[in-house]
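*Asks:* These protein sequence lines map, in sequence, to chains A and B. If you number the first sequence the way UniProt numbering does, the last residue is 412 and the count never jumps. If you number the second sequence the way UniProt numbering does, the last residue is 427 and the count never jumps.
Hint data in this document are derived by calculation from the structure and do not stem from the laboratory. All values derive from a computational prediction rather than experimental measurement. Careful, some of the hints might be misleading.
[Stated by the list, open to error] Taking lysine to aspartate or glutamate and the EDC-like style, the derived pairs with C-alpha atoms no more than 16 angstroms apart in a straight line are: (1) 289(A) - 90(B); (2) 165(A) - 351(A); (3) 56(A) - 81(B); (4) 53(A) - 321(A); (5) 235(A) - 88(A); (6) 52(A) - 90(B); (7) 156(B) - 194(B); (8) 232(B) - 194(B); (9) 281(A) - 32(B); (10) 53(A) - 32(B); (11) 393(B) - 51(B); (12) 395(A) - 42(A); (13) 87(B) - 55(A); (14) 401(B) - 386(B); (15) 79(B) - 61(A); (16) 368(A) - 406(A); (17) 52(A) - 32(B); (18) 70(B) - 67(A); (19) 52(A) - 92(B); (20) 401(B) - 39(B); (21) 201(B) - 151(B); (22) 306(B) - 141(A); (23) 108(B) - 297(B); (24) 281(A) - 39(B); (25) 293(B) - 6(A); (26) 130(A) - 153(A); (27) 88(B) - 55(A).
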Amino acid sequence: MSLFGEVPQATPVAVFKLSNDFKEDPNPMKVNLGVGAYRTDEGQPWVLPVVKKVEKIIVADNSLNHEYLPILGLPEFRSSASKIALGEDSPAIQENRVGVGAVQCLGGTGALKMGAEFLRRWYNGNDNMKTPVYVSAPTWENHNSVFANAGFEDIRPYKYWDAEKRGLDLAGFLGDLETAPKHSIFVLHACAHNPTGTDPTHVEWMQVAEVMKRRKLFVFFDSAYQGFASGCLDKDAWAVRYFVTQGFEMFCAQSFSKNFGLYNERVGNLTIVACDADNVKRVLSQMEKIVRVTWSNPPSQGARLVAITLNTPELFAEWKDNVKTMADRVLLMRASLQAKLQALGTPGTWDHITQQIGMFSFTGLNPKQVEYMIKERSIYLMASGRINMCGLTTKNIDYVAESIHETVVNVQ
Amino acid sequence: MALLKSSKIISTVGVHPPLGVLSIRASSWWSEVQMGPPDPILGVSEAYKRDTNPKKMNLGVGAYRDDQGKPYVLSCVRKAEAQIAAKKLDKEYLAIGGLGDFTKACAKLALGDDNEVIKSGRNITVQTISGTGSLRIGANFLSRFHTEARDVYLPKPSWGNHTPIFRDAGMQLKAYTYYDPKTCGFDFQGALNDISKIPEKSVIMLHACAHNPTGVDPRPEQWKEIANLVKKRNLLVFFDMAYQGFASGDIDRDAWAVRYFIEQGHNIVLSQSFAKNMGLYGERVGGFTVVCKDAEEAKRVESQLKILIRPIYSNPPMNGARIAATILNTPDLYKEWLGEVHGMANRIITMRELLVANLKKEGSTQNWQHVIDQIGMFCFTGLKPEQVARLTKEFSVYMTKDGRISMAGVTSGNVGYLAQGIHAVTK
Numbered sequence: 001m002s003l004f005g006e007v008p009q010a011t012p013v014a015v016f017k018l019s020n021d022f023k024e025d026p027n028p029m030k031v032n033l034g035v036g037a038y039r040t041d042e043g044q045p046w047v048l049p050v051v052k053k054v055e056k057i058i059v060a061d062n063s064l065n066h067e068y069l070p071i072l073g074l075p076e077f078r079s080s081a082s083k084i085a086l087g088e089d090s091p092a093i094q095e096n097r098v099g100v101g102a103v104q105c106l107g108g109t110g111a112l113k114m115g116a117e118f119l120r121r122w123y124n125g126n127d128n129m130k131t132p133v134y135v136s137a138p139t140w141e142n143h144n145s146v147f148a149n150a151g152f153e154d155i156r157p158y159k160y161w162d163a164e165k166r167g168l169d170l171a172g173f174l175g176d177l178e179t180a181p182k183h184s185i186f187v188l189h190a191c192a193h194n195p196t197g198t199d200p201t202h203v204e205w206m207q208v209a210e211v212m213k214r215r216k217l218f219v220f221f222d223s224a225y226q227g228f229a230s231g232c233l234d235k236d237a238w239a240v241r242y243f244v245t246q247g248f249e250m251f252c253a254q255s256f257s258k259n260f261g262l263y264n265e266r267v268g269n270l271t272i273v274a275c276d277a278d279n280v281k282r283v284l285s286q287m288e289k290i291v292r293v294t295w296s297n298p299p300s301q302g303a304r305l306v307a308i309t310l311n312t313p314e315l316f317a318e319w320k321d322n323v324k325t326m327a328d329r330v331l332l333m334r335a336s337l338q339a340k341l342q343a344l345g346t347p348g349t350w351d352h353i354t355q356q357i358g359m360f361s362f363t364g365l366n367p368k369q370v371e372y373m374i375k376e377r378s379i380y381l382m383a384s385g386r387i388n389m390c391g392l393t394t395k396n397i398d399y400v401a402e403s404i405h406e407t408v409v410n411v412q
Numbered sequence: 001m002a003l004l005k006s007s008k009i010i011s012t013v014g015v016h017p018p019l020g021v022l023s024i025r026a027s028s029w030w031s032e033v034q035m036g037p038p039d040p041i042l043g044v045s046e047a048y049k050r051d052t053n054p055k056k057m058n059l060g061v062g063a064y065r066d067d068q069g070k071p072y073v074l075s076c077v078r079k080a081e082a083q084i085a086a087k088k089l090d091k092e093y094l095a096i097g098g099l100g101d102f103t104k105a106c107a108k109l110a111l112g113d114d115n116e117v118i119k120s121g122r123n124i125t126v127q128t129i130s131g132t133g134s135l136r137i138g139a140n141f142l143s144r145f146h147t148e149a150r151d152v153y154l155p156k157p158s159w160g161n162h163t164p165i166f167r168d169a170g171m172q173l174k175a176y177t178y179y180d181p182k183t184c185g186f187d188f189q190g191a192l193n194d195i196s197k198i199p200e201k202s203v204i205m206l207h208a209c210a211h212n213p214t215g216v217d218p219r220p221e222q223w224k225e226i227a228n229l230v231k232k233r234n235l236l237v238f239f240d241m242a243y244q245g246f247a248s249g250d251i252d253r254d255a256w257a258v259r260y261f262i263e264q265g266h267n268i269v270l271s272q273s274f275a276k277n278m279g280l281y282g283e284r285v286g287g288f289t290v291v292c293k294d295a296e297e298a299k300r301v302e303s304q305l306k307i308l309i310r311p312i313y314s315n316p317p318m319n320g321a322r323i324a325a326t327i328l329n330t331p332d333l334y335k336e337w338l339g340e341v342h343g344m345a346n347r348i349i350t351m352r353e354l355l356v357a358n359l360k361k362e363g364s365t366q367n368w369q370h371v372i373d374q375i376g377m378f379c380f381t382g383l384k385p386e387q388v389a390r391l392t393k394e395f396s397v398y399m400t401k402d403g404r405i406s407m408a409g410v411t412s413g414n415v416g417y418l419a420q421g422i423h424a425v426t427k
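Chain A on its own, in the form it takes in the complex:
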């Protein structure tokens, strides 16, 4: 009798299963519009030129070793990463109106995890599992798991995507903010909303902030695409920085997976903004305890790479350029796809393709249509209709456009 005789087979994580199925598909025309990683116009992964450069610097530096990082991570990574999110010249920081701290984490997931674990232990009472956590409808599916695994029992959707108009349901969003119990936690996408690619405008963010401040809701930003959305770091950080100017104490989970192309090195940062340094100090001391029982201290390679890049002016400039290259290619594919669908006369409106921003587009295709795309056309996308624009290339975009057209026409 095995101790594990009763362990059930778990369903696989959808996005990875999709990639697997794509790999096994023999169709030479196949296109992978699933997992969220950047691809070049040749459909290849892209190691940023600046990353290659810095890797050489690291390899050549014999003074570097593989010793443990401090529990909270590499100090020069933490501070430079936070500066990227909050801005070098943030008035709130310059004028000492806030305290800022950071925890180096394993990717954006790790940063969300640390933030969630801390909030469950220390926010709105002690070990309060009942504080509602709101995630957008829809959202990155792992948001639910991260907060649930941290112990939160009440995870709810807030209205976000309006399927009919294919845009932001602002009234619904604001309505949910108004009716959420006080102190509820809201997970906000800083830019390039995953999976819809639909972001609030500045004015809309200001309205969101006003309600959140009035109703004392907790701001937890997920920033996985800074720089990748518009091509400009500052533009993509507008919402985060605006909330800081409004005096919020907040968390911001940052990922450097996409904007540095460092997916497998797990480079993330949890930026903490509190009203003063003393609060930051105590928060960080408790974060250390959570880190200790989870991974002890974070991996050094990726953090070193990012720190060297951000702290060296010429490398920093080169990085910004590399980021713009990626963002520009995505914008080009968006424009291209939209133009082709329009030219084909595909039923429906397709402006949302160019209005949406970042890596993903919520096409509006329904599950049946998605199934058709996969089975009949070997074009792999998420059941939600989400496509990764990076999967499009000048070579496959015609096939994809024609496939969408055929699908929409033949499948309802």
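Position chain B relative to chain A; hints supplied.
*Replies:* Quick look at chain B alone, frame taken from chain A:
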């Protein structure tokens, strides 16, 4: 590199906003957050850093140092890194369970190339965030699926972080007798007595080799009896192997207990770390293995481990695993690694012998045999807290209050001084 030596942390002092600026400063969300207690081991390193005595010694550090007291990057690691750099690999996400080349080699290293478990595919091995990450995944897995018993029995004493890890995962902690302070050795009878009373199906934690913090390991005959008793009691065995190769200098010897238990039919769970034996501390390289009934069960268990991993960090870091896999899978690098591990273990053993020899030379009449009998990085000296305090205050020798010293911090250059200090506080 100047860049990496600067460490600026943003932390500004909050001052009242200037008069005339309308700013409603609410009280902080975090006013009730207490200051966490300082880490006992880090506190040692902090104090050491502040000390200006040129003869100071840091014996708290749990990382290997060479005979100059410097961190040691293994030559096989540098070679592996150069090989990897030349391959120009991409940085795409690893699978949730990690790098296949690494996990396969990791399992083989622990269980032996020809192990029946691996051949039949009835183990699942996932890449983890070094030893801590492995223990945490294991604890989470047991907490969720091993519902017949909530108790984890640790040896007394055990690594300080074991308790908070299992507790945070929702398990209850108990202990079994292990260390005998009278002999500074293994309390074999005491252990057997306690283990014989452990309720069935409880989890028992065993340190595979180089027990941390005592350095006291059971002898093979003693392991055999323990294995037998544990089987009688129907306990779930959780092996923590953080020092394979590092203890005796021999990979297979250090894995003997793990392999014996499996041979005897225990379906164990196992945590492995490559922090010490490959010097990959900061790269966070580890593995977690569940030995299952058969391959079908291993698939089910694997699927659940992935569900546990995804909401923590999605998938593990590549760099260290790639280095470890390269070493383990490239014959001449593997050979070189075995030599370097042997070298590190030997230096530790030599320091043990030198320390005892120097204590005798100082005129100490105490019995220091345990310093030589104990194995691995750590030595439980038997010093009492007051003696430790004096050693720190008068000689600037930094160690933890329990009398544990890291032999890795001892060099041929400072072993004489250490002997002087220990003799002074114990005569």
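*Asks:* With reference to the structure, classify each hint as holding or not holding.
*Replies:* Outcome of the hint check:
no., hint, verdict
1, 289(A) - 90(B), "34 angstroms, violated"
2, 165(A) - 351(A), "11 angstroms, holds"
3, 56(A) - 81(B), "11 angstroms, holds"
4, 53(A) - 321(A), "14 angstroms, holds"
5, 235(A) - 88(A), "14 angstroms, holds"
6, 52(A) - 90(B), "10 angstroms, holds"
7, 156(B) - 194(B), "11 angstroms, holds"
8, 232(B) - 194(B), "13 angstroms, holds"
9, 281(A) - 32(B), "13 angstroms, holds"
10, 53(A) - 32(B), "46 angstroms, violated"
11, 393(B) - 51(B), "10 angstroms, holds"
12, 395(A) - 42(A), "8 angstroms, holds"
13, 87(B) - 55(A), "13 angstroms, holds"
14, 401(B) - 386(B), "9 angstroms, holds"
15, 79(B) - 61(A), "14 angstroms, holds"
16, 368(A) - 406(A), "13 angstroms, holds"
17, 52(A) - 32(B), "46 angstroms, violated"
18, 70(B) - 67(A), "11 angstroms, holds"
19, 52(A) - 92(B), "15 angstroms, holds"
20, 401(B) - 39(B), "13 angstroms, holds"
21, 201(B) - 151(B), "9 angstroms, holds"
22, 306(B) - 141(A), "15 angstroms, holds"
23, 108(B) - 297(B), "19 angstroms, violated"
24, 281(A) - 39(B), "15 angstroms, holds"
25, 293(B) - 6(A), "12 angstroms, holds"
26, 130(A) - 153(A), "6 angstroms, holds"
27, 88(B) - 55(A), "11 angstroms, holds"
Violated hints, in rising order: 1, 10, 17 and 23; the structure is consistent with all others.
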